[in-house]
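Asks: Sequence:
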Amino acid sequence: MAPCSRRPVPRRARPTVAGSAASALFIPSRSGPVRSIARISARVGCIGQLPPAFGALIVRVMSSTPILPAVEAACVAAEAAFDTYRATSREARAAFLERIGDEIMAIGADLIETASRESGLPTARLEGERGRTVGQLKLFASVVRAGLWMGVRIDPALPERTPLPRPDLRLRMIPLGPVAVFGASNFPLAFSTAGGDTASALAAGCPVVVKGHPAHPATGELVAAAIRRAVAACGMPEGVFGHVTGAGNDVGVALVQDPRITAVGFTGSRGGGLALAKLVQSRPVPIPIYAEMSSINPVLLMPAALAARGAALGTAFAQSVTMGVGQFCTNPGLLIAIESEGLEAFVQSASAALTGAAAGQMLTQGIHDAYDKGAEALAGSADVETLARGLEGDRSDFGRAAFFSTTAEAFLANPALGHEVFGPSSILVRCKDEAELKAVIAGAEGQLTATLHMDDGDEALAEAVLPLLERKVGRILVNGWPTGVEVTHAMVHGGPFPATSDARTTSVGTLAIDRFLRPVSYQNFGQALLPPELRDGAADVPKLIDGKPSLG
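Mapping of the sequence shown onto our numbering: position 236 corresponds to residue 450, and the numbering continues sequentially without gaps.
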């Protein structure tokens with residue numbers, strides 16, 4: 215396996231399409247002539263819709279390659295690459311991940327401009343997201359080098375043990391195999407083609423086949439091309455990365471049902487995640503799916519905190535719920551509080567801020583329409599009071615803020631009030647006392663996050679509700695807002711259903727690599743036959759020997 219080329223990565227000129235073999239994706243700019251952005255991986259035909267920021271809505275990619283054979287070809291290539299890729303050294307794999315990040319940065323401004331045109335997101339937000347994407351790849355490179363992910367355990371033989379000898383047992387984690395990844399609409403870089411699922415699967419030693427998201431096809435192709443350049447520069451097998459796109463659900467269905475795919479990573483809606491889960495469980499050989507789906511991220515406004523700073527908390531909440539037009543899976547969509555004067559100060563402050571909040575462009579017309587439908591359903595409920603609506607937008611895909619209120623009794627009686635409304639919407643549940651507050655927590659669905667806004671006087675209540683929250687969520691915050699998700703070793707971005715399909719995992723942070731690994735035990739092997747990291751004296755390999763940590 216050739217090492218990664220150490221030549222500097224030049225800034226990339228805008229890609230062009232040459233020859234009839236490549237399918238051209240034409241993106242109308244906001245002004246000026248149509249320009250060719252990229253060829254579509256696997257030459258899959260698709261017809262998609264872009265947001266009105268483009269000025270023109272229809273993207274058409276024509277190809278002679280049918281969709282399903284192209285998906286199969288990508289999966290065949292991934293399977294063919296698996297054994298070679300999983301045998302790469304830690305250093306080679308880490309260098310590959312770093313090179314992907316370098317190639318993404320080398321695209322330059324064209325990546326940011328394209329993503330902004332497709333998503334309507336501001337360039338400053340996308341520049342930060344690009345940094346997160348590249349930083350995530352480099353973090354997983356450091357994880358690969360460190361080797362803890364291999365989970366090496368050695369229990370030496372005890373031939374003199376009575377009444378029976380103990381055999382020599384050694385364990386390591388190995389990659390599952392080719393992984394299918396579905397990108398998210400709301401993060402065209404950090405949760406898409408080279409996002410956390412792709413980075414963690416590649417770090418584990420798994421080839422990846424990405425289903426490109428139709429909300430940002432050109433962005434996805436620019437990133438896919440960067441990954442392909444890294445594959446070539448690092449001498450990796452070509453099938454280690456595939457990128458397929460297409461209209462409708464056929465591509466995704468074919469991808470998760472292909473027998474060569476061994477796991478699925480998905481970020482999206484509850485409906486989409488459940489549909490994929492049914493498909494993978496109906497296969498002759500079921501496989502795991504790690505789906506991040508639905509969360510409204512309850513925020514508990516504790517009595518002492520409200521008494522001390524209710525109005526300030528209301529203003530801060532309004533800023534959080536409208537950030538990015540509310541299109542975050544960690545958006546604070548549920549507030550829980552006990553009736554008090556401090557709560558009224560919070561409501562007045564939040565309502566005033568949200569009433570004056572400008573509408574913003576949502577990622578797609580479909581996301582906007584679903585948001586509008588959900589907000590109107592809450593507004594039309596007999597048990598719900600509309601506290602505030604934001605300013606109207608001047609385009610059909612603009613979402614306006616919505617702030618609602620209901621009682622604990624009504625919330626517990628109507629599960630629909632706790633369903634996610636993806637966008638700048640939140641509902642306040644007013645509780646009579648601590649008992650009702652605890653009942654609301656206990657009755658809520660599984661969530662990604664829960665937040666406690668508290669002061670010293672709230673510690674007893676916080677201690678009482680903490681066990682309830684631990685059963686419901688993957689991350690618990692104190693005196694913050696949940697919309698920021700750090701990429702670190704201790705982060706959990708997961709939670710009980712319907713937040714995710716598997717509460718034991720995370721899609722953000724270095725523990726995400728564990729999703730794509732499984733343990734294998736080797737009994738009574740000779741040294742020559744053992745994998746190198748399991749041999750006696752393997753240097754720089756963290757391990758447990760008879761349950762005790764060791765590096766030698």
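Check the hints yourself; a few may be wrong.
Label-pair ranges, simulated between beta-carbon atoms [to be verified]: (1) 449 x 756: 21 to 31 Å; (2) 649 x 360: 18 to 28 Å; (3) 498 x 462: 21 to 31 Å; (4) 694 x 558: 17 to 27 Å; (5) 759 x 703: 22 to 32 Å; (6) 462 x 342: 24 to 34 Å; (7) 569 x 630: 33 to 43 Å; (8) 627 x 583: 34 to 44 Å; (9) 360 x 498: 43 to 53 Å; (10) 742 x 580: 51 to 61 Å; (11) 761 x 378: 15 to 25 Å; (12) 703 x 462: 34 to 44 Å; (13) 580 x 680: 55 to 65 Å.
Since the hints were derived computationally from the structure, they do not count as laboratory data. As the structure is a prediction and not an experimental result, all values here were calculated from the model. We treat Cβ as the ideally placed atom computed from N, Cα and C, and that holds for glycine.
Asks: Need the list of violated hint numbers for this structure, in ascending order.
Replies: 2, 7, 8, 9 and 13
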